[in-house]
Structures are given as structure tokens and as C-alpha cells.
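So the sequences go chain by chain: A, B, C and D.
Residue numbers for the first sequence follow our numbering, beginning at 1 and rising by one.
Residue numbers for the second sequence follow our numbering, beginning at 1 and rising by one.
Residue numbers for the third sequence follow our numbering, beginning at 1 and rising by one.
Residue numbers for the fourth sequence follow our numbering, beginning at 1 and rising by one.
In case anyone wonders, no lab produced these hints; they're calculated from the structure.
Careful, some of the hints might be misleading.
The list makes no distinction among identical chains, and a pair is therefore deemed to hold if it is satisfied within one copy or across any two copies.
Derived lysine-lysine pairs resembling PhoX-like cross-links, with alpha carbons at most 20 angstroms apart [stated by the list, open to error]:
| id | residue 1 | residue 2 |
| --- | --- | --- |
| 1 | LYS222 | LYS174 |
| 2 | LYS130 | LYS62 |
| 3 | LYS43 | LYS174 |
| 4 | LYS43 | LYS149 |
| 5 | LYS62 | LYS43 |
| 6 | LYS174 | LYS258 |
| 7 | LYS130 | LYS261 |
| 8 | LYS261 | LYS118 |
| 9 | LYS174 | LYS149 |
These numbers were taken from a predicted model, which means no experiment stands behind them.
There are 4 protein chains.
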Amino acid sequence: MSTNKLVKPSKTKLSVAASPAFERVGFLGLGIMGSAMAGNLMKAGFEVHGFDPTTKARQRFKSAGGHVSKDAAELVRSVDVIITSLPSPDALIETANVLARAGRKGLLVIETSTLDIKDKDAARDVMAKKGVTLLDCPLSGTGAQAARKDLTVYASGPAADIRRLVPVFEGFSKAHFDLGPFGNGMKMKLMANLLVAIHNVSTAEALLLGQRWGIKPSTAVKVLSDGAGGSRMLQVRGPMMENEGWKEVTMKISVWQKDMKLIAQALADAQVPAPLFAATIPLYNAAMGMGHESNDTAAVFDVLEKMSSISNKVAGKKTALRKR
Amino acid sequence: MSTNKLVKPSKTKLSVAASPAFERVGFLGLGIMGSAMAGNLMKAGFEVHGFDPTTKARQRFKSAGGHVSKDAAELVRSVDVIITSLPSPDALIETANVLARAGRKGLLVIETSTLDIKDKDAARDVMAKKGVTLLDCPLSGTGAQAARKDLTVYASGPAADIRRLVPVFEGFSKAHFDLGPFGNGMKMKLMANLLVAIHNVSTAEALLLGQRWGIKPSTAVKVLSDGAGGSRMLQVRGPMMENEGWKEVTMKISVWQKDMKLIAQALADAQVPAPLFAATIPLYNAAMGMGHESNDTAAVFDVLEKMSSISNKVAGKKTALRKR
Amino acid sequence: MSTNKLVKPSKTKLSVAASPAFERVGFLGLGIMGSAMAGNLMKAGFEVHGFDPTTKARQRFKSAGGHVSKDAAELVRSVDVIITSLPSPDALIETANVLARAGRKGLLVIETSTLDIKDKDAARDVMAKKGVTLLDCPLSGTGAQAARKDLTVYASGPAADIRRLVPVFEGFSKAHFDLGPFGNGMKMKLMANLLVAIHNVSTAEALLLGQRWGIKPSTAVKVLSDGAGGSRMLQVRGPMMENEGWKEVTMKISVWQKDMKLIAQALADAQVPAPLFAATIPLYNAAMGMGHESNDTAAVFDVLEKMSSISNKVAGKKTALRKR
Amino acid sequence: MSTNKLVKPSKTKLSVAASPAFERVGFLGLGIMGSAMAGNLMKAGFEVHGFDPTTKARQRFKSAGGHVSKDAAELVRSVDVIITSLPSPDALIETANVLARAGRKGLLVIETSTLDIKDKDAARDVMAKKGVTLLDCPLSGTGAQAARKDLTVYASGPAADIRRLVPVFEGFSKAHFDLGPFGNGMKMKLMANLLVAIHNVSTAEALLLGQRWGIKPSTAVKVLSDGAGGSRMLQVRGPMMENEGWKEVTMKISVWQKDMKLIAQALADAQVPAPLFAATIPLYNAAMGMGHESNDTAAVFDVLEKMSSISNKVAGKKTALRKR
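Same shape as in the complex, but just chain A:
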């Protein structure tokens, strides 16, 4: 089995000097992620152009010092490299068509969205026919992290192009990895998300057990984080599991359902058994049914709590546990 031998968390600008530098970066999609990255690139000295279909996003971008293009075609003419941050496969295909039609040979496009690899493949093919190169570069990190440049880039595609883009990556992220052939970025992202899906629920299980024993979630997070059971999710989502902390949204359950579907499909395609990931599916479905669609995924705690707790007691009976 061939394996990826190229992993270079390159923090030094090696041969970059030899390549023509990118000075102007364009954004298609100026939502939470896009605008945060754009801001950091401006701070790093890049001239940043951008377009978004919503007026509000364009105004925010302009106030922040960005150059608003009137459409994607104009954007292409103004920049050396484009970063896309898109909400759906349809948006990606449409973008691919627009960029292909713009006919700018040699243009590089950094695609950072979390979308099906098949859709990214299709987009790449459309553009490749017109000499535009798409790189699959999903990001690890939330909107809040993007704002403080605390992102990691899972770059994949032609090695030479990734190397040329290092200064751009460094303008909006704390680290980047060259993960090899196009699509490997999304693969790593799906692996990360599989872990997130599970660790979010494992956190809820442990904290609920503690709560039933009279141990507060915040206490448990403090004690457990540094030990063998520690995880990033325990630290980040654990504190959101008391006092309805899930109302402060870092990842909406309804949006997360799309990610869940991508992971499930990837496991089926790769013929990999993932029993724990599978066991999380009913809990996110239940959270939707319970009305948490606009809350944070930390709300799975509420699902476990409600399915087993005194507030749902079917009769006046108390269980032995309650009396302790």
C-alpha cells in the first residue's frame, strides 16, 4: 500500500524567493471564515480583494479595508491567487464554471471548504481544462480561531504550487501541512471530524455520569483535561455542557449534519467499520428532533440528560439513585 511520504509542516520560506511572489489575494465567499482570513492577510501586508453575493458581507469586508469586486469575473482580473470558502457543492460548481470561463491561465485557487471530495474533483476538472489549478486545502479551526490566526491548513494538490503558496498560508494560519495529492486535505479533514463527532459525545457521557454523582461538569473538565482521558473537545465543549452553554454556537447542529453525512459516506466508500462514529449518529438526529438545530453540537449533552432524567419521570416514583 502506497503511503503519503510528504508531510512538511514547513515553517520556513525555502525556495520561495525564487518564485514570483503573490501580492494580491482574492476571496470568493466572505462569511465568518473568509472575512477572518482576509483580515489576517491584510495585516500581513497583502492587497486583498473579494466578492460575496450578500451585501452585508461585502460592506463588512470593505470597512475592514478590503477591495470589493463587483463579481467573480472582475475579481479574477485583480488578483494572483483566489481563496474560496463556500457553503455548498452547488456554490463550488458554479464558482468553478465562472473561474474557468474567466480564462486566466495559471491562476491558483485555494479551496478551503468542507465538501465531498467528488465535488471538489469535478470542480478541479472543470478548471483544469482552462489552465486554472484548484488546490484542496480545508482548514482546521473555528471562526473564532480564524480571527486570531489559529488555523491549520491541510493542503493537498501539486507540490510545487503548495510550495509557492506558503507565504499566503502563513498570512492567515499558524501552521500548514502538505498532505500530498489533491483530495488528501479533505481526507485528513474527514478524519479530524470523525474524531470530533465522537469526542463531543464522549465528553457528554463522562460529564453526565459525573453530574449524576454530584460532580459539576466544570470540575470534571478541570480534573480530567490533563489526564489520559483528555481531549480538545473535553476542553472546548465540556464547559459548554452546563448552564445551556450550547446556546453559544461554535458549530450548529443543522450544519454539522452535513459533515456527518460526508463522514458516513466516506466510511462506506472506503469500506471501513467505525462503530463509535456510527453510535454518534442517533444522538445528533435526536438533537435535531429535540429542537437543537440552531444550537451548538454540545447539545448532545441535553439529549443524554433528557433521555434518562428526573425531568422526564413518567410517574411520581423516585429511583434509589435520587435518594442518595
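For this one, chain A is given, so just place chains B, C and D on it according to the hints.
Relative to chain A, chains B, C and D alone:
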């Protein structure tokens, strides 16, 4: 619901000066954990006595500078405080009877084993009748961590006794928490172990998915550890999931099965649904069936691999995935 | 919540006499299911026409006494009602377009395939514009059952049309249910398939436990079938779980994966938690990975066996169990 | 691997004529099961004696025509064979000691309780030393079924003794199987219960999906029972899943938790992975937590419903599903 309000990761010796200092510490059980802790206490200046039923353990202890007692009764007469590190509930009950019979009022016993709270309760009651105080103080950390003093103590029992024991805790651990009433130590330990049970398997799922895609486990561990999917298990067990790393044992599967049973019983008693923990049970059972009983729990990777892989192909057919 | 109040396993031809009788029935799709149903309708006295893109299917149909149409358009002109049995959503949409173009107002189409409700809805809408009525009528039963008229029809759509079609249903099935509005047929079919997905695996779990204890699967099936643990799957798939019985295919694992996806999507859309269904997903994925894609779904037994058995022993060690 | 070759659902009294007939049968334990079996044996012409520690049970037995013994020792002197139906391992061990002390060589004891095989082994050994033979013969069927002689006996132990007991089995059951060596009865019973644990929950999953789609549970049970998804649990427990049918108890959740523990332990001991059984554990734990301990196990439907439904809506928001 009453909650634990006392969590003091006290790193300062507050009122300790006022209490009579413990100078001589005794060990019952000089296995990997016991002997490692004893060694660090000696380095910290304590006079350490100990007893273990196996000759080899006693000799190792003596070579390391310990005072070997000829039995538990003699040990009691030689020390101010005793630390127990025991393999089974029967060993604990036997120890409780011996220490109760020794009739040394005011003796403090730090019980560090991972055992059923009901058994610890019984042991405490036996000793309490004779004026001996048992504290439930399980440890977070492996034998290797114990050797480099990288342990955390989950202390529970009378607050005043825990306070007096701070210098002893500091002699063999990097941190300790006063978690409140007797038994809370084991509760926190069970919560930690529930997370360990899950994160060990989630690591295997993510790394297997990556491997099928041609991404090496070591690459994935490097890239994922720092992100949202990161966990202690990913860092520690992840690297053990390639090249049969499970043959270097940090936790034997056969021993782990006892911990699994304790967690399952705790969830049933507390009436808590833990779907992910439940989903790990079949994998550890399967690892036993596959002959991994003496290997590390990281061998769950092998279970997932074997249940779905080309080495078990029922016919000569190749799947599309393999050809990619 | 409004519930379906109409369930009439009508076995009597009530008001059918008043309606114009259907004498000529057409088939689009003459695969295993289609040709078996066509055969029974011929025996029941109907004049049966049909079309299938594959030559072999058309010849078999002709030999059996059917009238082969040269295409779907010709078929429409020859019959009063059409039964579709199709392999994919694309085939359904294509068929819907052809039948809509044929412009035969009042034509009734009995759609028996297992496909996404959304696709059936789309097909219905296309035809409705041209006065053709689609009924969603999936079947319960395998090809072998279809041949001996041992099918159940889950009919859904306009009640009056279902009533008129009773004689046709009776010509190829043993029972039919009017389940209410269009789409309810597929809903009931998905509920049935959810149970099949689970009971196939539960059978494997029970039989493997028995086998490890020295109880043969065939013995267990005999003893358990009549008791509280009995199920249709235990009776039908249980015997296929020894001696590699999964090589006689009643439902291919690769085809079943499509059904699994439909159920998973339905649960997500309806926001229903189904933990047992979720727990079956990894086993079918694993069966694919193990090379069982062309074997029967009973091969999940092989997955459970291989993931936990002596044939995969990692070392020469024997477990205690083996020695008993 | 040696397998059980003896399965004889013997409905004919073969060589029984040659053996000395049993005319007097004794019962230890006259609860719901014991008294129902005793009644049928009386009807079949046996002289039935019995003892139970509770006054009420003895009176009911006397009214039904039974001969009340003043204790177990007296019972032994009055009968040829004893049937035990006991609530706990402790009751079994106590009974074994009493029967061993009674010193009646050649006495046969039919043990029908659902208890750990290890406990039954211990009881057998105690009695064997005094010439008393214990047979492990759990029953398939509820109290209601016992009353109408609708039981199946899973007999295990010495083949000759089982053969001699055929007339007794026929006096209180509809069928019996000789399953081979002592303990195989319990093994088959555990396999049956594993299936029951799963099919009860699978029924709840399917019916909840239907209910969300507006299909009533009773409708679904009617349509699905005869098809590929059919099971005994669907037929028996399905109808108990609407209108709080779980309040009519056929198996209490709190009692069922003991059976769950026996199955879990058996799977661990036999090193068998059973992912679906494992996935049921959280649901029964949750049912306990929700206060269903005295309700029927059909209450798992309520767990799935409450964890995902509008009655638990966290806000005034409606989900898309609700509007359809």
C-alpha cells in the same frame, strides 16, 4: 442536586506546617506502580518501608533503598501512613482485615487501586471500627509515568486528612485534587477510564480510515494531534497502532476488561446512557477472542483492520478501493 | 399528529365491478422481480406486455408468453396499466419522462422499486403534468417469493386508483395494503428494511455466541425460532450462517448498501434516533471490505467470526475458553 | 470444535414406560411461574407438593389443590422430583444446601430459573456430593404463557435423566429440547434473551420512525409482522408501544437489568462481539433513569421518543419536519 464544591489542586503547603509531619511511609503492594511511587518518596526524603507477597518485588524494593517489613503487621508498627496498591478486591479486603487487627488508632491509609467503590466502602468500614482511616485516592497515569513522578492523585475522604497528606502526595505525584467525600476519587477515575475506553477506539477508527486512503498512522497522529480531533489517546496510543505497536504493553487487554466491567456497572447503577462506551465493549471482547489478551489495548486497531480487510478476503476478488 | 387511518388489507373485490376492468398490463423492467410478477399475471388471465433494455430479459419474457414491446412508447399504447421495477433513480426519472411524453391521459403506473421518496415524488410530478398517475407501491418479498406469488404490496397514492387496481395486485401478490398518501408505501418499506438490517445482525450475534459454546447454528435456529427471540430473519438467514451459506445470494451486500443509505437518510430527515440500526452500519461496511460484496447479507456472521476468532489469533496462545 | 448433536424435541414417550414413573412432583418457589406450572401438572394428574417462604404464595397454592409442605426438608420426603423456580443466586445456593442435607439419594431437581451458569454449577456440585442430581432447565415463556401451558423447556444435564423426566416436562410445557450437557439450557436461554433485548429495541426504532411519519404503531405492527422484518417481539411488544402500553408489565425493566448483566458477562467470557446487544444497554439504563423501573421493557419506546421529540423542545422553534 448537591455538587462537589471542593476542588483544590493545592500546590502550596498551606497549613501543613502546623500538622505533625509524616516522615515514614509504608507500602503494601510493591508492583510496578507501588515501587515507582516508593522510589520517588525516597528521593523526596521519606523513610520508606514496604511489604509484598512476592520475593522478587521485595528484593527490588530493598535494592532501591527500601526497608522490607516481614509482613503487614510489622509494617504498621514502622510507619505513620500506608499506601496500598492492590490487584483485586480480595487483596483489599484481606489488607483491611490485617490493618484493622493491627490496632493502630489514627493510622491513615491511602488506597490507590482501581477497584469497585462498594469494595472500597467495605474496606473502609472494617478499618473505621478500629480507628484506622482509609482514603480513596486512585491515580491517573501509567507505570512509566509513575516512575517519572508524572502522576495525578484523585484524593477523596475526610478533608482534614487529605490536607495533612499533601506532603506525601507531593512526594510521588505532580498534582493532586481533593475531590470531596470518600469514593469521589474512584468516580473521577471511572469517568477518566470511560473516556480512555472510547478515545482508544476512536483513534483506531480514524487511523484505519486514513490507512485505507494511504495515509500512514504516524502522519495522521502528527497532523491531527494539535487540532479539534486531538486527544491524549491519539498521541499516546496512535503511534502504537502501526507495526504491531500493541506488543509493547502499557495496559493489557485482559486487565482492562476488569476496568470495563467496573465502568459498565457504574453506568447501570447511576442509570446513565453511554452509547459510545457501550459500542467499545464488543471491540475489547473481540480483541480477547483474537488472542490479544496479553497485548496493549491499542490492539483494537487490529480488530477493526482484520474485520474489514484484504487479508481476510473470502475470495480472490479485489474491491475497487484496492485498485486506487 | 395526524395518523394514517386507512389500512385495508382488502381481499375482496368490493366496488371493482363498477370500474372498467384492466385486462392488459405492461411491465417496464423485466428483471427477476418484474418477470416473476409478469408470469403470475399471465397465469391469472391478464394479457401482459413488457419492455426491458437487455435482450436476454426480453427473450425470457417472450418465452414465458409475454408480448415484447419495442420500446416504452409502444408499450404505453398497448396496455391499461404499467408496472415499473427499476434499478436506480436515474432509470425512474428517464421512465417518467418517456411516459409523460407518451401523452396517454388516465394511465396508471404502479411503481414497485425501492427508491428514495424524493425521487419518486419527482417522477410523480413529471407524469402528473401529462395526466399520468404514479402510485408508490413497493413490495415485501424476494425474487424467489415473487415467483410463487408470495409478495405483499405496500400500496400508496390516490385511494380510488388503489381500489381500481385491486384485481391487478391480486394477480401477482398474496396480500396488499392501502397505506394512504403517496410515499407511505416507501415509508413502510423503509421501516421493514430497518428491521431486516438489525435482525440479520442480531441473528449473527446469537448464533456466534452459540457456536463458541459448541451449539450449532442449525440447532439454535430450530430451538429459538418458536420462542420470544424468534424472527423471520432468524428462520431465513440463520441457516445461511453456517457452511458459508452466504454464497447463495438472496440479497447482495453491495446492493443492500443502497438500501442502508436510504434508511440512514430517512432517519436523519425524520430526526429519529435508531441506535441499533446505526450499529449495523459498520458491519455491512466491514463485509464489503472483507470482500463479501457479491455474497448474501448473511455474511455479517463471517465479519463477527473473523474479528474475534482463533483463525486470526495473533500468537500461538490459547484462551481459556478454547480449553473448555 | 465439538458441537451438540442431541436435539430431540421428543413429543412421544419412547422408552418411558420402562422407567419408574414420577407421580409426585414438588415445587420450591411458588411465584407466578412456579404456581402456573404446578397447576398444569395437577391437571395432568400429578400429585403436586410445594413450599414457598411467603404465606400468600402457599395459600394460593393450597386453594389450587396443592399439598403445602412445612419446609423444604419435608417436601423432599414427599416427592420423586423437585422443580425449582428461584429469584436469585443466593436462593439457589441455600436451596442446594437444604436439598443436599436432606440426604435423599437419587432425587432429581429440575432447575428452571434464569441465573448465572457459574451459580448453577456450584449448586449442582453441592448436591452431587449427596447423590442428588440437578438439571439445568430454563424456560422460554412468560407467566401468562406458563398459565396456558405455552412453555418450552431448554433441558440440559444427563441424557438418561432428561429422558425419564419427559412425562413431567409434558405436564407443564408444550415442547422441550434436550440440549446436551448441564449448562446448555442456560446458554440457549441467554441466546434467546440476547435476541429479545435487541428485537424489543428494534421494534421501538421502527415504530417511532413510522409514528413521526404519521403511521400508527398498531398499523405498522399489522403490516410488518408477516414480512421480512417480522419478529415475535414486534408482535408482542409492538402493540404495547402506544398509549403507554408499557404500564401492563410482562417483564419489568428493573428485573430485566439482571438478565442484561448475565448476557453481558456471557459475551465477555466467551469473547464474542455483539455490537447490537451492546447498543441496547444505554437504552435500558436510560429507561431506569427515566423512572420506568417498574414498567415493561416496551418502555424503551418512550426513551427514544423523549430523547428526540417535540415535548422536549428546547425553544419555541419548530423543525421543518413538523411543518410537513
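Numbered hints the structure breaks, given as an ascending list | Numbers 2, 6 and 7 - these are the hints that the structure violates, sorted from lowest upward.
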